[in-house]
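Listed below, chain by chain, are the residues.
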Amino acid sequence: MAAKVLVLLGTKKGAFIAESSDGRRTWTLRGPFCEMWPMNHVIGDPATGAIYGAGGNEWFGPAIWKSTDLGETWTHSSAGLAYAAGEEPVKSGWSVAVGDGAVYVGVQPAGLFRSDDGGASWTHLDGLQKHPSREHWNPGGAGLILHSIVLHPEDPDQVWIGISAAGVFHTADGGETWEPRNRGTRADFMPEGQNYPEFGQCVHNVVMAAGIPDRLYQQNHCGMYRSDDGGVEWRSIEDGLPSDFGFPAAAHPSDPDTLYLLPLNGATEGRFVPDAKAAVWRTRDGGRTWQDLRAGLPQEGAYFGVLRQAMATDRMDPAGVYFGTSSGALFASSDEGDSWSCIAEHLPTVLSVETLVVDG
Amino acid sequence: MEPAATRGNPIVVRLPGVLVDLFPGARRRVEMDARTVAEMVDALDALWPGMRDRICDTRPAIRRHMNVFVDGERAMLETPIPARSEVFVLTAISGG
Numbered sequence: 001m002a003a004k005v006l007v008l009l010g011t012k013k014g015a016f017i018a019e020s021s022d023g024r025r026t027w028t029l030r031g032p033f034c035e036m037w038p039m040n041h042v043i044g045d046p047a048t049g050a051i052y053g054a055g056g057n058e059w060f061g062p063a064i065w066k067s068t069d070l071g072e073t074w075t076h077s078s079a080g081l082a083y084a085a086g087e088e089p090v091k092s093g094w095s096v097a098v099g100d101g102a103v104y105v106g107v108q109p110a111g112l113f114r115s116d117d118g119g120a121s122w123t124h125l126d127g128l129q130k131h132p133s134r135e136h137w138n139p140g141g142a143g144l145i146l147h148s149i150v151l152h153p154e155d156p157d158q159v160w161i162g163i164s165a166a167g168v169f170h171t172a173d174g175g176e177t178w179e180p181r182n183r184g185t186r187a188d189f190m191p192e193g194q195n196y197p198e199f200g201q202c203v204h205n206v207v208m209a210a211g212i213p214d215r216l217y218q219q220n221h222c223g224m225y226r227s228d229d230g231g232v233e234w235r236s237i238e239d240g241l242p243s244d245f246g247f248p249a250a251a252h253p254s255d256p257d258t259l260y261l262l263p264l265n266g267a268t269e270g271r272f273v274p275d276a277k278a279a280v281w282r283t284r285d286g287g288r289t290w291q292d293l294r295a296g297l298p299q300e301g302a303y304f305g306v307l308r309q310a311m312a313t314d315r316m317d318p319a320g321v322y323f324g325t326s327s328g329a330l331f332a333s334s335d336e337g338d339s340w341s342c343i344a345e346h347l348p349t350v351l352s353v354e355t356l357v358v359d360g
Numbered sequence: 001m002e003p004a005a006t007r008g009n010p011i012v013v014r015l016p017g018v019l020v021d022l023f024p025g026a027r028r029r030v031e032m033d034a035r036t037v038a039e040m041v042d043a044l045d046a047l048w049p050g051m052r053d054r055i056c057d058t059r060p061a062i063r064r065h066m067n068v069f070v071d072g073e074r075a076m077l078e079t080p081i082p083a084r085s086e087v088f089v090l091t092a093i094s095g096g
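Chains as they are written, first to last, in our numbering: chain B, 1 to 360; chain V, 1 to 96.
Derived by calculation from the structure, the hints in this document are not laboratory data.
Warning: the hint list may mix true and false statements.
[Claimed, not checked] Straight-line C-alpha distance at most 25 Å; calculated DMTMM-like pairs for lysine to aspartate or glutamate:
#, chain 1, residue 1, chain 2, residue 2
1, B, 130, B, 87
2, B, 13, V, 21
3, B, 91, V, 21
4, B, 13, B, 35
5, B, 91, V, 33
6, B, 130, B, 176
7, B, 91, B, 117
8, B, 12, B, 345
9, B, 277, B, 338
10, B, 277, B, 228
11, B, 4, B, 336
12, B, 12, B, 88
13, B, 91, V, 45
14, B, 91, V, 39
15, B, 12, B, 22
16, B, 277, B, 214
17, B, 91, V, 31
18, B, 12, V, 21
Model the full structure from these sequences, guided by the hints.
Below, the structure written as structure tokens:
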């Protein structure tokens, strides 16, 4: 059966799905779903075909949405997605990850929740809140958000998370205890001489290299990094890139040396694509060298950004690459980034892009 | 069947469409017995599980961008509801 490729979009006003059944040649768009709630992250579970969306509505608070029919119908739950009475309540869901039969959700203010019943109810993994650094965490521009959840493919007790602006943390015991993993990543916004703290870095996105669980890539507010020991030590891979600032990182589905980044012109320069010309930057050698990919992307007057969860690859061969913009456009490549086309535009601000490949 | 939260204090609750849309089968106008806003929320949550989380946060308090009016006055969870009152649950001005 031919594969159907779904590109799952979280936007400021609902979830959308772009779908192709003809080898990624043509696309149809469905949505908006989730009652036009702001949806920070929408993902597909390749094991079950379920779609999960994390969001929060100014009126109604946080909820995790779920569809088991590829977006036709949706349910939502926030049962257990709560801090203790008297504490600052959960404002919204920010990130979702699935693995080993569990669903994980990161929320604002930063915390991690787990569901073992397919998203019907949630349990707070409160070890993170008990970390001694917790009282010193400061929010980034989008709030104190837990936005990256990286699950170990073989060891369900190991999880990496990214919090803006507390940094990367790792657990090896299923969330009971956590250790900061930020050594080598900069915090340029700290006073001189304090730019390499144990925690407090503004991590923007963390992804794992295909097939090498100890290799992580990170886009930070202050640089791009690679680690080969599960985040214990990071080293800069920003040489050859047009800036040290950006939000998303997307790993290739099968080649651990291939990574996609989308650098923006700078934190205080508008956070647009550099020189108003859009480019995705690809490395084929684990970050040593970079190639800008521009074919089919706007090369003049492009004043948009791409947010931290708004770029993804699919698991097809050759791999597809996708990104959604702050101006509501969705760009796609079906040849590993060599050429691009705009497959949707005039959408609400795109907050996340993920893919789901299903048979038939 | 209406919940038996509190007998003998009949009230009418009016819910916003955008809230009702989140709960299949929910109604815009609900008759129930409740003596306080908290009891009213309990009763709504019994009728449509999960509705409490959409009206209240976990402090607990009525959400910042939700309003509950009892006989024309903005209410809190502990606000008493006189018998035969009409209670409006409304979404506040918000968003962009």
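- Query: Under the criterion that the straight-line Cα-Cα distance not exceed 25 Å, is the pair residue 91 of chain B, residue 33 of chain V satisfied?
  - Reply: violated (31 Å)
- Is the straight-line distance between the alpha-carbon of residue 4 of chain B and that of residue 336 of chain B 25 Å or less? Since the Cα atoms of residue 4 of chain B and residue 336 of chain B sit roughly 18 Å apart, the hinted pair holds (cutoff 25 Å).
- Please work out if residue 91 of chain B and residue 39 of chain V have their alpha carbons no farther apart than 25 Å. holds (24 Å)
- Item | Agreement of residue 130 of chain B and residue 176 of chain B with the hint, judged by alpha carbon distance not exceeding 25 Å | holds (9 Å)
- Holds or violated: residue 130 of chain B to residue 87 of chain B, with C-alpha atoms at most 25 Å apart: Holds, at roughly 14 Å.
- Straight-line Cα separation of residue 12 of chain B and residue 345 of chain B no greater than 25 Å? holds (14 Å)
- Message: residue 13 of chain B and residue 21 of chain V were given as a pair; does the straight-line alpha-carbon distance stay at or below 25 Å?
- Response: holds (16 Å)
- Query: Hey, residue 91 of chain B versus residue 21 of chain V, does the alpha-carbon distance stay inside 25 Å?
  - Reply: Given pair residue 91 of chain B, residue 21 of chain V holds - Cα atoms ~21 Å apart, limit 25 Å.
- Can the restraint linking residue 12 of chain B and residue 21 of chain V be considered satisfied, given a maximum Cα separation of 25 Å? The given pair, whose Cα atoms are some 19 Å apart, holds under the 25 Å limit.
- Query: Between residue 13 of chain B and residue 35 of chain B, is the straight-line Cα distance small enough, at 25 Å or below?
  - Reply: With Cα atoms ~8 Å apart, residue 13 of chain B and residue 35 of chain B stay inside 25 Å; holds.
- Query: Does residue 91 of chain B pair with residue 45 of chain V here, judged by a C-alpha cut-off of 25 Å?
  - Reply: Answer holds: residue 91 of chain B to residue 45 of chain V is near 20 Å, not above 25 Å.
- Task: Quickly compare the C-alpha distance for residue 277 of chain B and residue 338 of chain B to 25 Å and report which way the hint goes.
- Result: holds (16 Å)
Of the hints listed earlier, those the structure fails to meet are numbers 5, 10, 15, 16, 17, in rising order.
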